[in-house]
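Residue numbers (our numbering), protein chains in the order written: chain A, 202 to 472; chain B, 12 to 239; chain C, 118 to 224.
Since the hints were derived computationally from the structure, they do not count as laboratory data. Built from N, CA and C at the ideal position, the CB exists for glycine as well. Any given hint might turn out to be false.
[Said to hold, decoys possible] Below, a sample of chain A positions facing chain C; criterion: calculated Cβ distance under 8 Å: (1) 232; (2) 239; (3) 244; (4) 248; (5) 254; (6) 373; (7) 463.
[Claimed, not checked] Now the in silico label distances, taken between C-beta atoms and shown as ranges: (8) 294/A x 122/C: 26 to 36 Å; (9) 174/C x 396/A: 31 to 41 Å; (10) 161/B x 324/A: 50 to 60 Å.
[Said to hold, decoys possible] Which residues of chain A face chain B? A few of them, derived with a C-beta cut under 7 Å, are: (11) 220; (12) 223; (13) 230; (14) 234; (15) 322; (16) 331; (17) 333; (18) 344; (19) 349; (20) 354.
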Amino acid sequence: MTVDDWLAAFAAELRRRRVEPAALVAEAAGHLRDSGRPPLQVFGPPTAYAVSLVDSLRGATTELRRPPSGEPRLAAVKIVKRYGRSTILDGVDLTVHAGEVVAVIGANGSGKSTLLRICAGLLAPDEGHVRIRGTLGYCPQDGGTADYLTPDEHYVLIGAGRGESRGAARAEGRAAAATLDWPRSSETVTARHLSGGTRQKLNLVLAGLGDPGVLLLDEPYQGFDNGSYLDFWQQVWRWRDTGKAVVVVTHRLGELDRADAVLDLTSRSAR
Amino acid sequence: MSRTLTVAEMALREISRRRGVLILLALLPLAFYYSRRGEAYWQSVRFVSLGIGWTLSTAALFAGSAARAVEPRLRLSGYATHQLYLGRLAALWAVGLALIVPYFLLILIDLDQVRHGPVALILLLTVAVAAPFGLALSALLPRELEGMLVLLTVVAMQMMLDPDKAVAHALPFWFSREIGVYAIEHDAGSGHVVRGLVHALITLALFLVLVAVTSAVRLRRRPHVSMA
Amino acid sequence: MDRRTQWLRGVLDLCVLGALGRGESYGYEIAQRLEAGGLGSIAGGTLYPALLRLERLGLVVADWRAGDGGPARKYYRLSPDGAAALRSASADWAVFVDNVTAMMEVP
Chain A
202 MTVDDWLAAF AAELRRRRVE PAALVAEAAG HLRDSGRPPL QVFGPPTAYA
252 VSLVDSLRGA TTELRRPPSG EPRLAAVKIV KRYGRSTILD GVDLTVHAGE
302 VVAVIGANGS GKSTLLRICA GLLAPDEGHV RIRGTLGYCP QDGGTADYLT
352 PDEHYVLIGA GRGESRGAAR AEGRAAAATL DWPRSSETVT ARHLSGGTRQ
402 KLNLVLAGLG DPGVLLLDEP YQGFDNGSYL DFWQQVWRWR DTGKAVVVVT
452 HRLGELDRAD AVLDLTSRSA R
Chain B
12 MSRTLTVAEM ALREISRRRG VLILLALLPL AFYYSRRGEA YWQSVRFVSL
62 GIGWTLSTAA LFAGSAARAV EPRLRLSGYA THQLYLGRLA ALWAVGLALI
112 VPYFLLILID LDQVRHGPVA LILLLTVAVA APFGLALSAL LPRELEGMLV
162 LLTVVAMQMM LDPDKAVAHA LPFWFSREIG VYAIEHDAGS GHVVRGLVHA
212 LITLALFLVL VAVTSAVRLR RRPHVSMA
Chain C
118 MDRRTQWLRG VLDLCVLGAL GRGESYGYEI AQRLEAGGLG SIAGGTLYPA
168 LLRLERLGLV VADWRAGDGG PARKYYRLSP DGAAALRSAS ADWAVFVDNV
218 TAMMEVP
């Protein structure tokens, strides 16, 4: 492997992980020039080196991050969706592997939520199909909770569907909520009295109940304060590191570097 | 079975927390009852059953609308469609049964000129029909206001229309008038009861099918998704 | 993995801070300083992630500058926080080494 090949592979992997490669590549190239030694000896394989740099840049997941195990958990193939004359999704492909987080981005109306609902089987596409391995957890943008039930009752209700006992479902839900900076004693307040952010946290916890293999999250952090927002990504990474396939619909561009891959729907609809 | 019961339990908890609906449920039939108590006691039996039918349908309409947002998620969590609507129906029927007991006791104590067996039958059938009626409405009319207007219209027509007219037979609570005749008029034949019973059972079956079909369509698994 | 490499893993960050305590520098030169300090050859694949981590934590600051006539390089230097961290860590380290040494001495 020549120095140029190594640098090219390194840059490609950084770009795939949504890190601007120029500065890191220049620095590595400088080091190679100064030392005069082969890149594999100095830095190791380009992809592994890129991963460890990206981890250092982002922090927090250094110990947890693993490469995707390779098995595709969700495969949406050539999805087409039209509303009347306008084509919202025009042959969109989305593949998510076990242990991978994919961010779906795009302008308002670019079909992000539509794609997710199609993947969840809640909406039929005009063309294309979706293959899912394992069970599905879905967090809708809104309306995934019942106004007149408490969080505990939500856990029991969803848990019963998954075949869990009351006690187990409640314990699992409470434990998951605790990782999201859950306000004290909110377990016994009905959902309509929860703040918007707490409701969304409940929504998110419900999506993860019963250990689903595929998680579809539709902008689940609306109303989160900054701390909870970071907790949210910690949760997403925990899911990834236990081998789940995670799709996050988002309009916040700042979080792209938190995902392993990005599907941008804007460019498609603009084409 | 345990899933259906869990849905029923949660639906009961939801209804029990909607104070406005509960107060309406408890008091509106009473208002209906006393509006006719003085001059036409036989009317008060029919009015109380209409009041119960109306309020329970309304409660079912609200319960159905509230469930729309959550049901897709429950379906994805492993519930079968029939577990969802049967659980909700069971909860509404339980509420209805709890509701008619005091009204039956009231009639038992307050009115001694009527046949109390047929009155109990009227109340039971009203509860049986009202719950799926409200749920079917919520499935067909996505907005609660529209559903409320339809309910209002049905109850108003039920009160106004001459029950002998053919169009009155199409109203869901026509049976209460028919069985009511037997309960109140001592020379009336039991044919009224049979006709009322047949009407109630057909109406019930129709609404149950409507609820089952609309739920199955709304919550069907789309064929483009293959699960492995 | 030999024992020295394992030891180094725990204190590489501090050694890098120490190397920068001797004046601002760029990656390759930091590696040379560490080697000259008797720590052996430090692979780039270990050094740069450590530098990025320190930068993210605010213990070092970096900027790109053209060296004397050569290409632009990324120069790292200690931040006030980094200097403070280095001071407190080296005191802790001295105590730790004494304890380990005492522990390993067979009476």
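Results of checking the hints against the structure:
no.: 1; hint: 232; verdict: holds, 5 Å
no.: 2; hint: 239; verdict: violated, 11 Å
no.: 3; hint: 244; verdict: holds, 4 Å
no.: 4; hint: 248; verdict: violated, 12 Å
no.: 5; hint: 254; verdict: holds, 6 Å
no.: 6; hint: 373; verdict: violated, 34 Å
no.: 7; hint: 463; verdict: violated, 22 Å
no.: 8; hint: 294/A x 122/C: 26 to 36 Å; verdict: violated, 44 Å
no.: 9; hint: 174/C x 396/A: 31 to 41 Å; verdict: holds, 33 Å
no.: 10; hint: 161/B x 324/A: 50 to 60 Å; verdict: violated, 28 Å
no.: 11; hint: 220; verdict: violated, 34 Å
no.: 12; hint: 223; verdict: violated, 42 Å
no.: 13; hint: 230; verdict: violated, 45 Å
no.: 14; hint: 234; verdict: violated, 51 Å
no.: 15; hint: 322; verdict: holds, 4 Å
no.: 16; hint: 331; verdict: holds, 5 Å
no.: 17; hint: 333; verdict: holds, 5 Å
no.: 18; hint: 344; verdict: holds, 4 Å
no.: 19; hint: 349; verdict: holds, 4 Å
no.: 20; hint: 354; verdict: holds, 6 Å
Violation of the numbered hints given earlier is confined to hints 2, 4, 6, 7, 8, 10, 11, 12, 13 and 14; the remaining hints are satisfied by the structure.
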